[in-house]
Amino acid sequence: MKVVGKPLPKVDASAKVTGRAIYADDMLPPRTLHCRILRSPHPHARILSIDTSAARRIPGVLAVITGADLPVKFGILPVTQDERALEHEKVRYVGDPIAAVAATDEEIAAAACDAIAVEYDVLEPVMSIDAALREPKDERIQDYGGPNNIHKLVALEFGDVEGGFAQAEIIREDVFFYQGNTHLPMEQHSAIATYLDGKVTLWSSTQVVHYVHRALSKVLELPMNRIRVIGAAHGGGFGGKTDPFAHEIIVCKLAMLTGRPVKCTLTREEVFYAHRGRHPVLMWVRTGVAKDGRITAMHFRTALDGGAYGSYGVASTFYTGALQTVTYDIPAYRFEGCRVFTNKPPCGPKRGHGTPQPRFALELHLEKIARDLGLDPVELKRRNFVQPNTRTVNWLRVTSCGLDECVDRVMQASGYATREKRIGHGMGFAVSTYLSGAGTAIYWNDMPHSEVQIKVDRGGVTAYCGAMDIGQGSDSVLATIVAEELGLQPADVRLVTADTDTTPIDLGSYSSRVTFMAGNAAVEAARKMRAMLVEATAAKMGCEASAVEVGDGRIGDFSFEEASVLAEARFGTLTSAGSYTPPRIAGPYKGSGVGPSPAYSYSACVVDLDADERTGLVSVNKIWIAHDVGRAINPLLVEGQVEGSVYMGLGEALMEEQTFRKGLHKWPSMLEYKSPTFLDMPEVQTFIVETVDPEGPYGAKEAGQGPLLPVPPALCSAVYDALGVWIDEIPVTPEKVLEALRRKSKGEPARYGPPMFPPIPYPPPIKVEPPPKDLDHASAAAI
Amino acid sequence: MKNETLRPVDRQVIALEVNGERTEMLLPVHKTLLEVLREDMGLTGTKHGCELGECGTCTVLVGGKPELSCLVLPIQVQGQAVTTVEGMAHGSQLHPLQQAFAELGAAQCGYCTPGILLAAKSLVETNPAPTRDEIREALAGNLCRCTGYSKILDAVSLAASRMG
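Quick note, the sequences are listed as chains A and B, same order.
For the first sequence, the tail end lands on 786 under this note's numbering, and the numbers increase by one without skipping.
For the second sequence, the tail end lands on 170 under this note's numbering, and the numbers increase by one without skipping.
Excised from the complex, chain B in its bound form (with noise of 0.2 angstroms):
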């Protein structure tokens, strides 16, 4: 019988920089930038809702560009700077957004709330003063199913508020 799975996998050294930090690794050219952060860099805080680049969940940074990293593979960004919601913190200072998000109540059964964060801090880093719109296109490819998007809206605009 025909075994694809006996044929040895075609791996490259990549070279990644994430939350700041330097690696390198052996990976097969195939593995999305998903999977190598939660399950070779052991970088959990992204989450995955589909794999198919439909719901957002698994939101990363990209030079500061979001980015679904499910269809992301790490060969693709070399060189640039990857950050996830790891990288958000300053040591064991939250982020104005993390903090808003907990005070607010924006995260329920949070699985969505890294993806969004980040989607957030792209926004607030090249628009200092979103209004709600501009928050909610910003946001629009991020689902959430347990928030009905209001208090995320209410703390984005507070860390805005607070960052600006």
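In isolation and in its complexed conformation, chain A is listed as follows (with noise of 0.2 angstroms):
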């Protein structure tokens, strides 16, 4: 391969290093209105009744909307549809969006925002998992779900559960808590739209046009044919701007009303509202291990704090169990799940989504039954690994995996067995598992993932995409594949990518989907141009076909431009598309739409850290870490990626959280909220593994969450192996160090964990036959 493979910068590199990249907020054509929005100050409350007449009267204010002029519903899932642009009725979190104001510079919004009059009857707020299980003193959250603020509840149980439990030597259970936590992207969300002969424009900083645009048809009441949604140069995602949001819809209501462009940029504090991050989780988990240290079966139990609202809270639910089995081969498997309902802002996708936790439980809670046993955890941890080419107890299809090569990978450069042992110094493992892509889509239909279009035109090659490059860099993986299938280098390539308007439909940038997806869609494409540019040329040269050569900028015995014209002389306008479809692979139960994947990638991770006794201080010197990423497309890209997810994930370990007191979020800035800088980065050490996907595009598989996933558990396994104390719940503060510390030397165990899981009113679980041995066979042989 040519360009496939090799660590080239980025196609849109020097736009970026030289400011010249619009963002959402860069944009300010002329005429443009600013729009403010009023939220909540109560975390649960009735509205009476809100007065806007004192706004609407200053000068420069030309519009102010309320939950009246948008009371269609929407949300992510089709199953919850519970928010609305602008609440009328009810709030249910501080910074819950009442009104907007349209006005000609932002600080008339502003004060026309603090001029709109509302009266409120104020409601007992829900602030834990605990207050969300009892009977509400006022009234419930939401008006669907129970009983009380349970949101969801799922039990599934694959195999013969009690069966397994009977078989093993030992039994052990444990309780973990994992902490919210938040995307912080650099950039605030941003949206700006325009309205001209019955047509809403939007420019957003959104991960996912096309759900965007549902939405908006949705709410807007217009057919999906008047709407156009672009996405801007994106300042960082990380899950957060995966959700259709109020001020996207807020800005075309105001634009379609006033006739000109409106701008609605979030502030800081209103990013940490908007929200939809990392779900608070409590997790139980019980296991029964063989005397060789084998999973005979696991009952597991999730309760997460999803906040006030649904977004994609359901599914969240479900890969806080899906997981599990694509690690570790568990012959008998209990899931119960529970989302509640909180008065918080919601909850929802980050990075890893719904995953990091229990995969921070799993890992600290199979490296104790190892001690228990006497046996390695790491060695605990590799007899029990999946193989490739197997399905799981709840039936998710493994192809290639390269867990055990990204153990001896990581083991051999960290030195972790020789480490050496004192107090105050640790290492700790864990290895992990994602997805390259959902294999379900959020709302069902025969449609695909993905599509790609490409033009050549008299030597130019032009693909169109709908996949958004939110920083990434999906753009040079598409960019990459089509030049490798011409023989051309990416920056050959010109891209459209990102335009409802202008370019075939990709379902976005989430769930690590991208480069397997659209991938796929582009190297469909781009043989399918190939083919016709070969074929017009073996016909000029009088050769067969596959006697013509491709690379270098050229196509047999001619340039590419000069073969670009004798294609088009044969065949007219030259187009070619191609397009994704996930296998469906999914299990035959309610609730297996979650956890299919066409390929899971695997991380292993080793921690070096010092742990201060006398402050609880921890300072992490080193992190390796090995990513089976099936193949990089770029290396460069995918180191990228995977440092990114490493520091996110020593974050998320170390000093993340949303937290709330009396209601209110307590940091709502980037100074308490507390994330790592340059000091606090510690120096990474990357593998990364191929193992070449029988699916993947030229093998590839995913990169950009992974290996987030082992970052906490291998950290808190390292502080057990410098202090002997166990963490059982992130972030680990030295508040919690002292304290299990404490706990420790008073001869109480040595632990810092929540004490106990909370009685849940899981229903009876579905039970669901194991698939059978042979289901994939057929199909694995044919690969």
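Calculated from the structure, these hints are not laboratory results.
Some clues are possibly wrong.
Computed beta-carbon distance windows for the label pairs [what the hints assert, rightly or not]:
hint, chain 1, residue 1, chain 2, residue 2, range
1, B, Val35, A, Arg745, 54 to 62 angstroms
2, A, Gly418, B, Leu79, 50 to 58 angstroms
3, A, Pro74, B, Glu45, 30 to 38 angstroms
4, B, Val19, A, Lys9, 50 to 58 angstroms
5, B, Asn25, A, Pro32, 22 to 30 angstroms
6, A, Met4, B, Ser167, 24 to 32 angstroms
Cβ atoms here follow ideal geometry from the backbone N, Cα and C, with glycine treated the same way.
Using the hints, build the complex out of the two chains.
Right, here's the structure in full:
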């Protein structure tokens, strides 16, 4: 391969280093109006009245809207259409939008928001999982779900769990807590809309133009062909810009009312309220293990603090139970999950969506089991690794799997097995897995998940795709693949992406899906184009198509430009298309849509740290990470994704937490919400493991999320190694370390973490037979 | 009702020298340098992440030193050379820092990049061969959520070595 596998600069690198990339807030067309949103100061209240008359009288105010102007509900999942762009009946968290103003400048818009009078009937807020499980004092947060403030309950059982526990040599139970945290993208969400000829155009810092398109159509009650959504240059998402947001709908409505461009950029404080970040999750896990360390059965319970609305929450709930079996071969598995509503900003998908929390619990739980059995934790985990080309007990199809190689790489490089044992120094180890895109769409349909078109015109190549580059480099991946197939360089390929008017559908940048899905669609489209160029060239050369070589800007005896002229003369307009639809591999049970992916990535991680027993401070010295990416289309970008994931995982493990006091966010600012700086980040050594997946483009799998997952458990494992105390909840703050040391010194369990898991009224589990052993045998052999 | 917004805003003529170009503008006295650069001068390469001086994203150089443009009023920088990311390249020739950031993948989403480039420019101009720890120290006020900082450290080191 000529360009695939090369560490080439991103195609948009120059635009980004010169400040010429245009982000949504950089746009300021003439006559732009500025929008500000009035938000609830109460975590839970009924709205009795909204008086906007004084705001409307302020000179410079052109429009004021409330929930009555946008009454149609929306939500990312079809089953939870529970949000309004503006609430006019009830507010459910501090920051819930109530009214919006369009004015000639931002200060006037802000003054107008201040002039809106809202009368509330303040209700008792529900601020914790425990409170949400109890009967509410005033009323429930949402009018669906239940009992009390429970949003969703799931219970699934695969195989003979009771029989599995009966065979176990030992059975262990543990409880863990993973605190919620937020994406903290450097770019505040921003959207700008125009309205002309009955048509709305929106530029937004979204990860998914298609889902915004759908939500706008629903709420604005306009056909999709009257709405155009364009992804502006993107200043960071990490999952936080995957929902359709109120401000995106509001600026469209205000543009329709005023006939002028309307822009809304959230303040940093508002970004904390937009949230959709990591769910706080309480977890209980019980595992049976045979004498040799092999798992015989597992029972996993989760309770998710969902915040005030559904968002992706139903999917998040299933994800807290789905992927345990994709790392370890668990012959019998029971999962019970529960999501509750609380009066906080809604939680949703953050890098790893619903899986870093159970990964944290599972890795530490297995490590404790190994110590109970007197086995090396690394060895115990290895004995239970899934094998390639197998089906898990919950029907998930594993194809390529580089777990063993990942472990070998970090073990060798870190010297974990021969580490220096002294108090205050420790090394910890963990593994993980993640999706290369969700195997099922968010709304049920039979259409492809990604589509690419290519146009060649007299030497020029343009690729069109709905995929949104959020900084991870999806544009570069598209250009690289098209260039590889057509014998060009990525810089030769023009790109049109993330524009619902001009590009075919891609479901967007979430669930680590773009390289796999848009990549496969691009391969198909490019190969069709290549075939036309080759056929025309072969005809001119008077040879067989198979004799025409493609590469280095040439097609056979001709330059690419000459070949494109020959092909256009022969075929007319040169266009080609490719699409990707994931294989239908979901199991035969309700809820099986969450978890299947065409391929899984694997990671292994070792953390080396010093932990001070006097101060409880943890200082990370170095992290080794190996990631099975299938094939690195661009190793430079893969390393960037892996390093960024490790960084974000370390932030979650050590300091990041979204917490509340009396209904208020404790620290909605970048100073007080702690995230790692240059000074906090240790050296990271990255190993790219290539297993060449049979279905990925050139064998590629995901890179952008999986490597976050092993970092928090590896860090806690290292803290135990250093100080002999278990910190069973993150972030690992000095206070928690000191409290665990105090308990240890008093002869209590040497642990800091949740004491128990609450009683939750899970329904009886749906019992699912494990898949037949040879289910994929024929298809695997065919690959 | 009391209506503050009807009162005329205090304005003053301010002379600025940005990227070597001199301009005079009539500006509301409370408008920050960040806002003036982005909204009045069209220099949108300077980004913002908090507008409270917490994230480093809006860093520009004033007299060669990094300043947070969200905390600076234009009147404070009259008579001093202001440099934004638009002023780094020589014509179409990228500055060595920009070149190294592009080559090594130090810009992912690119949103923190202008601020970090300018803070790094100030560093390498005062310390032509910074160690990794010196780079960390100089850039500690600039947050980045994408890269994990590794590639940025590599890029600043590479650029410094090329410039030296």
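Here is what the structure says about each hint:
1. Val35/B - Arg745/A: 54 to 62 angstroms: holds (55 angstroms)
2. Gly418/A - Leu79/B: 50 to 58 angstroms: holds (54 angstroms)
3. Pro74/A - Glu45/B: 30 to 38 angstroms: Holds, at about 34 angstroms.
4. Val19/B - Lys9/A: 50 to 58 angstroms: holds (54 angstroms)
5. Asn25/B - Pro32/A: 22 to 30 angstroms: holds (24 angstroms)
6. Met4/A - Ser167/B: 24 to 32 angstroms: holds (31 angstroms)
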